[in-house]
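**Q** Line by line, the protein sequences are chains F and D.
In terms of our numbering, the first sequence opens at residue 54 and continues consecutively.
In terms of our numbering, the second sequence opens at residue 69 and continues consecutively.
Honestly, the hints are just simulated from the structure, not real lab data.
All C-beta atoms, glycine included, are put in the ideal place defined by N, C-alpha and C.
Heads up, some of the hints might be wrong.
Unchecked claim - Which stretches of chain F does chain D cover? Using the computed rule of at least three CB atoms under 8 angstroms from a CB of chain D, they are:
#	region
1	138-147
2	300-307
3	444-458
As the list claims (entries may be wrong) - From chain F, some residues computed to sit far from chain D (all C-beta separations above 10 angstroms):
#	residue
4	SER99
5	LEU113
6	GLN120
7	THR121
8	VAL132
9	GLU164
10	GLU175
11	PRO274
12	LYS336
13	MET350
14	ARG380
15	PRO440
16	SER466
17	ASN473
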Amino acid sequence: MTQPAASPSTSRRRFLKLAAGGTAAALSATRPVRAQSKTITILHESSFIKPFDEYVQNVLAPAYEKQTGIKVNYEVTSVGSLPTRISTIAETGSGADITMNGLLQVIQFGEKYLDVGDVAEELGKAQGGWYEAGKEAVLVNDKWKAIPFSNIGQLMNWRTDWFAEVGVKKFPDTWEELYDVGKKLKAKDHPFGFELGHGFGDNHGWLYPLLWSYGGAEVAPDGKTVVIDSAETARAVDFARKFFKDTMLADVLGWTDVSNNKAWMAEQISCTNNAESILWFAKREFPEIGKVTDQAMNPAGPKGRFHLLNSISHSIFSFSPVREEARTFMRWLMEPKQLGGWYAVAESYYQPLLHAYDSAPMWDIEPRNRPYRDALASAHLPGWPAPASRQLAESVAKYVVVDMFAKACAGASTPEVIKNAEAQLRDIYRSA
Amino acid sequence: MTIVSGRLSGAGRVAHRRATLNVLLDRENVFGWLMMALPLLFLAALVGYPFIYGMLLSLQHRPVAQPGTFVGLKNFAADWRDPIFWQVTVNTFVYTGAATLLKMVGGLCLAVAMNQHFRMKNLVRALLLLPFIVPTVLSTVAWMWMLDPAFSVVNRLLVALGWPKPGPSWLGDPALAMISIIIINTWRGLPFYGITLLAGLQTVPPELYEAATIDGAGGWQRFRFVTLPLLRPIILIVTLFSVIFTFADFQLVYVLTHGGPQNATNLFATYAFDIAMGAGQLGLGASIALAMLPALAALIVALTLYMRRS
Numbered sequence: 054m055t056q057p058a059a060s061p062s063t064s065r066r067r068f069l070k071l072a073a074g075g076t077a078a079a080l081s082a083t084r085p086v087r088a089q090s091k092t093i094t095i096l097h098e099s100s101f102i103k104p105f106d107e108y109v110q111n112v113l114a115p116a117y118e119k120q121t122g123i124k125v126n127y128e129v130t131s132v133g134s135l136p137t138r139i140s141t142i143a144e145t146g147s148g149a150d151i152t153m154n155g156l157l158q159v160i161q162f163g164e165k166y167l168d169v170g171d172v173a174e175e176l177g178k179a180q181g182g183w184y185e186a187g188k189e190a191v192l193v194n195d196k197w198k199a200i201p202f203s204n205i206g207q208l209m210n211w212r213t214d215w216f217a218e219v220g221v222k223k224f225p226d227t228w229e230e231l232y233d234v235g236k237k238l239k240a241k242d243h244p245f246g247f248e249l250g251h252g253f254g255d256n257h258g259w260l261y262p263l264l265w266s267y268g269g270a271e272v273a274p275d276g277k278t279v280v281i282d283s284a285e286t287a288r289a290v291d292f293a294r295k296f297f298k299d300t301m302l303a304d305v306l307g308w309t310d311v312s313n314n315k316a317w318m319a320e321q322i323s324c325t326n327n328a329e330s331i332l333w334f335a336k337r338e339f340p341e342i343g344k345v346t347d348q349a350m351n352p353a354g355p356k357g358r359f360h361l362l363n364s365i366s367h368s369i370f371s372f373s374p375v376r377e378e379a380r381t382f383m384r385w386l387m388e389p390k391q392l393g394g395w396y397a398v399a400e401s402y403y404q405p406l407l408h409a410y411d412s413a414p415m416w417d418i419e420p421r422n423r424p425y426r427d428a429l430a431s432a433h434l435p436g437w438p439a440p441a442s443r444q445l446a447e448s449v450a451k452y453v454v455v456d457m458f459a460k461a462c463a464g465a466s467t468p469e470v471i472k473n474a475e476a477q478l479r480d481i482y483r484s485a
Numbered sequence: 069m070t071i072v073s074g075r076l077s078g079a080g081r082v083a084h085r086r087a088t089l090n091v092l093l094d095r096e097n098v099f100g101w102l103m104m105a106l107p108l109l110f111l112a113a114l115v116g117y118p119f120i121y122g123m124l125l126s127l128q129h130r131p132v133a134q135p136g137t138f139v140g141l142k143n144f145a146a147d148w149r150d151p152i153f154w155q156v157t158v159n160t161f162v163y164t165g166a167a168t169l170l171k172m173v174g175g176l177c178l179a180v181a182m183n184q185h186f187r188m189k190n191l192v193r194a195l196l197l198l199p200f201i202v203p204t205v206l207s208t209v210a211w212m213w214m215l216d217p218a219f220s221v222v223n224r225l226l227v228a229l230g231w232p233k234p235g236p237s238w239l240g241d242p243a244l245a246m247i248s249i250i251i252i253n254t255w256r257g258l259p260f261y262g263i264t265l266l267a268g269l270q271t272v273p274p275e276l277y278e279a280a281t282i283d284g285a286g287g288w289q290r291f292r293f294v295t296l297p298l299l300r301p302i303i304l305i306v307t308l309f310s311v312i313f314t315f316a317d318f319q320l321v322y323v324l325t326h327g328g329p330q331n332a333t334n335l336f337a338t339y340a341f342d343i344a345m346g347a348g349q350l351g352l353g354a355s356i357a358l359a360m361l362p363a364l365a366a367l368i369v370a371l372t373l374y375m376r377r378s
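With the sequences and hints as input, model every part of the structure.
**A** So this is what it looks like as structure tokens:
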């Protein structure tokens, strides 16, 4: 008789048995018991304004749970990761019930979102009506696929002390006037810094408005005909080239979204295009810089003054098992009491898209932020005057318009960069 | 009685079955396959499935959150027409080629230096691994500061040496931006090369060096005719790994330049990500990611054949 322990085949068998037993045990492990009370999970991109996220976690969610017994789980995802997270949730059909949207997500994921027209129309009626800009980013085939929340406007940030050094007390009204000031300031070693690289927001934030203000656009209102090749675009490109060459740091060509904030705090630039975060951060961390930072609407061009709509909104996933509870929650969240409090903790970093807030006290906290409210009337999505589309999302992801300007600034000729952009856009919009 | 015998025969059947199982398990080929089954399953689930799924995606018009439609090779045709795709292809080859070459030469020098005896040798060897250990995103942010004209140690030095202010725009100039990402990738990948080659160096028998020295070989000749030939298999394997990692690099570019300026640093992985996630075109994105495959496969086959022959 063989000794069991000495036999290699026995130990193999024992190993297999153990392994099989272990796997079975792991598979049959008890699943967590389903919670009795319902939970609504809401996904949000981490806010630059810390109290903003904390307000939901510490005030709004507990208040709602106390009132209804429904738990609200406010999940924060890092900046830039929102599209990826929504993709995963939309593809797998689980992960959250409500999500925040950036400017192009509503059009991309609209088919997975609930029509929330009833809530939105009610809100509009009760709170002074929606800004047109608010609707622009959430209507898909005339259906409200999201409830607009706010805009995070991109405006001009300028150093009042350095502008005063060249005799300018009020922010220039037109691009040409701004150019003249910039030229003087660069000579005094206070250059401008406008992002021309591959960030997410600060590049589009001034380049689309510049294009529009000279009368250019990438596509016609039909959303199909590419119209980038025009004399108006050429004038905008020519302006951008001289604006870059004579007023800016060379480094802006490689900037991403953090770069201008960094350069601002390092007192390296005298004017840029950014959200309110520059002033917010400077006031808290660099008060001396905060004192001499002001904000203004974008300069006008020959065809008017424009701003980039950078709105955020909330959608309910149509596959959510608690979608009707989520709808009720959104109705509650957007009531003046909750909404007003939430806006106010961030001063006016989030600009309301309901007219009822036009003269809300939040605008008195920091009067320098008021241009962000006034800019809403002339704010549009990148592909304007065409409605948002999947093709537009592709054009933005490929940085077609940004790189058209950037290549010109780096030295390429105007006809060449426009021709290249047109070829790219034609290829993108052929599927429209 | 019948009941008892029935029971007995039942137990007998179980015993018989057990014996057959034992005999089967004792066979090497059966047991071998059994042992392989789990890892194979693992590979199929974690590598095979995403790979096949990616291939299927690349043949579909598949906007995110919408059902896909089969379009054959249309996505690849769209890539073919896309000027950014070609720029990305050139970028990826330049980046991989230059960074791999630098890492190979640098890694070899590092390994030879580390193979010498000096004080605190182990500490220095451990410290050398730091760039490899620090999370890429973190080290990239550090490089971002180092290459920023306002704060750059590099530019301060250059300006102090007489370069006109504010010094070169490392991330704003297309060529310099490419050079920057190559340098950072080399910095990060060098320890991997160095340490692996060092391990190889330590397996070289000292007698060979002694014999070579007796035959009158100098330092360079010992390196050229003893060290290098013996290290060749390891160099090839490390190169293979390095090329694969570098070719598919993502984090460094995503954090530092996001493919800018004007796509000068956009690589296959970052561009595929932007198209799939930013533009929401999963099919088109997959086709860009898959475009890496032929070049990598050819390289892997070539290197494997070369290794086998030598």
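**Q** Determine for every hint whether it applies to the structure shown.
**A** A quick look at each hint next to the structure:
1. Given as covered by chain D, the region 138-147 of chain F passes the check, having 3 residues with a CB less than 8 angstroms from a CB of that chain where 3 are the minimum.
2. Counting residues of the region 300-307 of chain F whose beta-carbon sits less than 8 angstroms from any beta-carbon of chain D gives 6, enough to reach three: the coverage restraint holds.
3. A stretch counts as covered by a chain when three or more of its residues have a beta carbon under 8 angstroms from one of that chain; for the region 444-458 of chain F and chain D the count is 7, and the coverage holds.
4. Annotated as non-interface, SER99 (chain F) keeps its C-beta farther than 10 angstroms from every C-beta of chain D; the closest such distance is 15 angstroms.
5. Every C-beta of chain D lies more than 10 angstroms from that of LEU113 (chain F), the closest at about 28 angstroms, which supports listing it as non-interface.
6. Even its closest Cβ contact with chain D, about 33 angstroms, leaves GLN120 (chain F) beyond 10 angstroms, as expected for a residue assigned away from the interface.
7. No Cβ of chain D comes within 10 angstroms of the Cβ of THR121 (chain F); the nearest lies about 30 angstroms off, and the non-interface call holds.
8. Once the 10 angstroms rule is applied to beta carbons, VAL132 (chain F) is consistent with being away from chain D; the minimum gap is 12 angstroms.
9. Distance check on GLU164 (chain F): its Cβ comes as close as 6 angstroms (rounded) to a Cβ of chain D, failing to clear the 10 angstroms threshold; non-interface status is violated.
10. Its beta-carbon lying about 27 angstroms from the closest one in chain D, GLU175 (chain F) satisfies the requirement of being farther than 10 angstroms from that chain.
11. Distance check on PRO274 (chain F): its Cβ is at least 22 angstroms (rounded) from any Cβ of chain D, clearing the 10 angstroms threshold; non-interface status holds.
12. No Cβ of chain D comes within 10 angstroms of the Cβ of LYS336 (chain F); the nearest lies about 21 angstroms off, and the non-interface call holds.
13. With a cut of 10 angstroms on Cβ distances, MET350 (chain F) stays outside the contact zone with chain D, its closest approach being about 27 angstroms.
14. With 10 angstroms as the threshold on Cβ separation, the claim that ARG380 (chain F) sits away from chain D holds: the shortest Cβ distance comes to roughly 20 angstroms.
15. At roughly 16 angstroms from the closest C-beta of chain D, the C-beta of PRO440 (chain F) stays outside 10 angstroms, upholding its exclusion from the interface.
16. Once the 10 angstroms rule is applied to beta carbons, SER466 (chain F) is consistent with being away from chain D; the minimum gap is 14 angstroms.
17. Once the 10 angstroms rule is applied to beta carbons, ASN473 (chain F) is inconsistent with being away from chain D; the minimum gap is 7 angstroms.
Consistency with the previously given hints fails for numbers 9 and 17, ordered from lowest to highest.
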